[in-house]
Amino acid sequence: MKATSFIFAIGVTLLLTACNFNIGENGNGNVVTEEREVTADFTEVRGSTGLEVYLTQGAENKIVVEADENLLQYIETDIEDGKLHIKTSQNIGRSKSKKVHVTYTELTNIEASSGAEVIGNSVIKSQNLRLRSSSGSELKVEVFAQDLTAKSSSGSDLEILGKATSLNADASSGSEINAKNLLIVNCKAEASSGAEVTVNVKETLETNASSGGEINYYGNPTSVNSNKSSSGSVNKM
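Letter by letter, the sequence shown follows residues -18 to -1, 1 to 219 in mature numbering (1 follows the signal peptide of the UniProt record, and there is no 0).
Bear in mind the hints are in silico, worked out from the structure with no lab data behind them. Only true hints are included.
Listed next, the in silico EDC-like pairs over lysine to aspartate or glutamate satisfying Cα-Cα at most 16 Å (straight line):
| hint | residue 1 | residue 2 |
| --- | --- | --- |
| 1 | Lys81 | Glu48 |
| 2 | Lys78 | Glu48 |
| 3 | Lys44 | Asp60 |
| 4 | Lys107 | Glu124 |
| 5 | Lys210 | Asp152 |
| 6 | Lys218 | Glu185 |
| 7 | Lys170 | Glu185 |
Between beta-carbon pairs, the in silico distance windows are:
| hint | residue 1 | residue 2 | range |
| --- | --- | --- | --- |
| 8 | Ile5 | Thr90 | 27 to 37 Å |
| 9 | Glu51 | Asn110 | 31 to 41 Å |
| 10 | Asn207 | Asp129 | 13 to 23 Å |
| 11 | Val206 | Asn12 | 47 to 57 Å |
| 12 | Asn207 | His67 | 37 to 47 Å |
| 13 | Glu185 | Glu58 | 36 to 46 Å |
| 14 | Glu185 | Ile5 | 46 to 56 Å |
| 15 | Asp63 | Thr186 | 27 to 37 Å |
| 16 | Asp60 | Val14 | 15 to 25 Å |
| 17 | Thr147 | Ser211 | 23 to 33 Å |
| 18 | Asn8 | Asp60 | 21 to 31 Å |
| 19 | Thr147 | Asn8 | 43 to 53 Å |
| 20 | Lys218 | Glu58 | 40 to 50 Å |
| 21 | Leu143 | Ser79 | 23 to 33 Å |
Beta carbons are placed, not taken as given, at the ideal position from N, Cα and C, and that holds for glycine.
Can you build the whole structure from these sequences, using the hints too?
Given below as structure tokens:
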């Protein structure tokens, strides 16, 4: 990540750290697990407020929270309109654990925000999959997808591995999308405001880099259409 991206990310991290450690309920160090009731089916997962979310494919949907005993009451796992929202009802300070383990049958959308860390423990197979990271969060998944959309913003990091027929990637505001280890047939990539996108493309690549945005690409695509302005850059690696 370039200097501007690094500085932006550090600023977001410091802000989130101040929120997490100076104000909020501290854990008591007694880590327990609690299985939550799955009240409805879901195909979307949204993790936020500094929680760690782990995704694993299985035969049925399941939610297990692993956290300091006194913090369980503040970790919410609500399902609404097919979306699983994972967040805290109040700020959590120091903790030994604040993890949410999600077993899913199918996913079409995954989001990480507000300093959350969302990790895929198994390959996510989907015809159409949307990924989004924002506000200093981290999202890392391995996918096998037909059409893939990835967006990152506000100093967040999004890492994608696996294979996809098409990828539409958009990074802004000092964020980063790292898809070096994602084999892509066709790709559209956009980077702006000090953000960085790295892709690995086989056939067609369309790029738009502006305002200090940087796009790096691996592979030997048969067609490359590059558009760059305002100190943006597109680089063959």
